[in-house]
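**Student:** Take these sequences, add in the hints, and give me the full structure.
For the record, the sequence lines run as chains A and B.
Numbering-wise (the numbering used here), the first sequence opens with residue 1 and increments by one.
Numbering-wise (the numbering used here), the second sequence opens with residue 1 and increments by one.
Just so you know, not all the hints are guaranteed correct.
Unchecked claim - Simulated coverage check for chain A against chain B, where a stretch passes if three residues somewhere in it have a Cβ under 8 Å from a Cβ of chain B:
(1) 131-145
(2) 167-179
(3) 191-198
(4) 201-212
(5) 284-293
Note that these hints are calculated values from the structure, not bench results.
Since this is a predicted model, take the numbers as computed values, not measurements.
Ideal placement from N, C-alpha and C gives every residue a C-beta, glycine not left out.
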Amino acid sequence: MIVPRTAAAALALVAATAVAQAETVIIGMPDWPSAQVTAHIIAGVVKDGLGHDVKLREVSTVEIIGAIDRGEVDVHPEVWLPNSAAVVHEYQNVRGTLSLSPRSVAATQHICTTRQTQDETGISNLSDLSNPDVAQHFDTDADGRGEVWIGANTWSSTRIERVRAKSYGYDETMMLLTMPEDQAMASVDVAVALGTPIVFYCYTPHYLFALHDVVPLSEPAYDPQTWTILTPEEDPAWLARSEAKTAWQPARYHVGYATALKESHGDVAQFLDKLAISADDAEAMSYAVHVDRKDPQEVAAAWLSDNAARVTEWTK
Amino acid sequence: MNALKLIAGALMMVALAAGSAAATEIFDPRTKSWVRYDPSRAMRYYQAHGSVPSDFRRQVVKFRTAEKPGTIIIDGNKHFLYLVLPNFQAIRYGIGVGREGFGWAGIVTVGRKAKWPRWTPPAEMVARDPKAAKWAGGMPGGPENPLGARALYLYEGGRDTIYRIHGTNQPWSIGLDISSGCIRMNNDDVTDLYERVKPGAKVIVLMQGAALYRGV
Numbered sequence: 001m002i003v004p005r006t007a008a009a010a011l012a013l014v015a016a017t018a019v020a021q022a023e024t025v026i027i028g029m030p031d032w033p034s035a036q037v038t039a040h041i042i043a044g045v046v047k048d049g050l051g052h053d054v055k056l057r058e059v060s061t062v063e064i065i066g067a068i069d070r071g072e073v074d075v076h077p078e079v080w081l082p083n084s085a086a087v088v089h090e091y092q093n094v095r096g097t098l099s100l101s102p103r104s105v106a107a108t109q110h111i112c113t114t115r116q117t118q119d120e121t122g123i124s125n126l127s128d129l130s131n132p133d134v135a136q137h138f139d140t141d142a143d144g145r146g147e148v149w150i151g152a153n154t155w156s157s158t159r160i161e162r163v164r165a166k167s168y169g170y171d172e173t174m175m176l177l178t179m180p181e182d183q184a185m186a187s188v189d190v191a192v193a194l195g196t197p198i199v200f201y202c203y204t205p206h207y208l209f210a211l212h213d214v215v216p217l218s219e220p221a222y223d224p225q226t227w228t229i230l231t232p233e234e235d236p237a238w239l240a241r242s243e244a245k246t247a248w249q250p251a252r253y254h255v256g257y258a259t260a261l262k263e264s265h266g267d268v269a270q271f272l273d274k275l276a277i278s279a280d281d282a283e284a285m286s287y288a289v290h291v292d293r294k295d296p297q298e299v300a301a302a303w304l305s306d307n308a309a310r311v312t313e314w315t316k
Numbered sequence: 001m002n003a004l005k006l007i008a009g010a011l012m013m014v015a016l017a018a019g020s021a022a023a024t025e026i027f028d029p030r031t032k033s034w035v036r037y038d039p040s041r042a043m044r045y046y047q048a049h050g051s052v053p054s055d056f057r058r059q060v061v062k063f064r065t066a067e068k069p070g071t072i073i074i075d076g077n078k079h080f081l082y083l084v085l086p087n088f089q090a091i092r093y094g095i096g097v098g099r100e101g102f103g104w105a106g107i108v109t110v111g112r113k114a115k116w117p118r119w120t121p122p123a124e125m126v127a128r129d130p131k132a133a134k135w136a137g138g139m140p141g142g143p144e145n146p147l148g149a150r151a152l153y154l155y156e157g158g159r160d161t162i163y164r165i166h167g168t169n170q171p172w173s174i175g176l177d178i179s180s181g182c183i184r185m186n187n188d189d190v191t192d193l194y195e196r197v198k199p200g201a202k203v204i205v206l207m208q209g210a211a212l213y214r215g216v
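**Tutor:** In structure tokens:
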């Protein structure tokens, strides 16, 4: 967002131009590590490379795009597709307030298990979870159903994982747990330490794959004919009327930004369109923040130092 | 079935066979009910070995995690508490989970610590238990105090929750879901933990096992 947009609009043209240059670029920062590092990278380049004031604002991913539409945030470091496809369509194509960088990082999403769980229980397919005998392996509270973490409450993917559980039928055999990622990852740590069975939502790029021996459960390849995802805003009966019977579409994420930046801060928009972070970069960022316990800002500074030539190219 | 469930099951069978009228109860997750039991078997084991069963003795274990050293992770399913150490290690302690420790999970912090904490029984316990009623106004800290030698008070958003990690005057109860208390450790262990943990430490209570019990 450009602060204060309405006040700036009221100023004379010449003055407005001067004000726009001084306006602060607000970068949204979701709660997962690679997005936080990328937010700091963008902040570093916009501030030191392009000379604008910047501010980082912690906002959940489901709120950032709405905040961009309202002019409260300018940049979303990781807009995941297809997770956010419906909302992106609305704000990018209908309202025109959101733009996505043409570059993207390849990502995957699955329900995962540990290698040891797979070896000891024989589970290999996601559909196995709909078998009560298999689900029993993951039952910790003796209610006859297993448990599976499907994501954090604030994530776009979590609602879709609920649809997937219904579509595969394991919503009947497994309790679908939502909780913060740190809590879920600690459960994986404990399961690995004790050799107990566990299944959980997972995504790449992520440090988890370097920390533990984790494998995704197999599924039929993505088939758009089997996916119908409605949002609660579109239909109160969204869950009953949604289906997702095959694997996630290979995902990707883009930097998203307020379309208004193209006018007010054209250099920033051009930089964001060129910024290219690889999946390997993203996994390394995730590991550095979570396992090496480095501050996201510190990881961003190291990345900027290591990639100075690329950054210079992107800001020409 | 894990070792804990075997132990708990054995204890329940002893209790049922003896028709014990002991006031202590153990949670049976299969029936979702509290079952009276005679703790003498666990007590005898403790007295013979001077300790809890080996799984629940304090020990350093390999523990790969992204959590930083000083973080506590509580597994109410297996009755373990991990204190994360550097270099992918942790100290693992045995715990007992009480009725007050059921049905909650989350990420909290150690808000404050106390030595030989004072204990005030909850109103419903005062109502049903004459022994507790005696201490309705608060029981001073000491060997008979059910909070044991140390307590770590867990806070969320800067506010005290009702949850504590505390010692016990019933060390044989470690590893069991016993009716009173929250997260219990034997006094040596909670004292060890007390010395190692700083206020502000992150505490992750896993959403599994006892944390998923509701309304029991």
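**Student:** None of the hints should be skipped; say for each whether it holds.
**Tutor:** Taking the hints in turn, this is what the structure says about them:
Residues of the region 131-145 of chain A with a Cβ under 8 Å from some Cβ of chain B number 4, which satisfies the need for three, so the listed coverage holds. Figure legend: the region 167-179 of chain A, annotated as covered by chain B; annotation consistent (3 residues with Cβ-Cβ distances under 8 Å, at least 3 required). A count of 4 residues in the region 191-198 of chain A with a Cβ less than 8 Å from any Cβ of chain B is obtained; the coverage claim is therefore met, three being the minimum. With 3 residues carrying a beta carbon less than 8 Å from a beta carbon of chain B, the region 201-212 of chain A meets the three-residue requirement, and the given coverage holds.
Given a C-beta distance limit of less than 8 Å, the hint that chain B covers the region 284-293 of chain A holds, as 3 residues qualify and 3 suffice.
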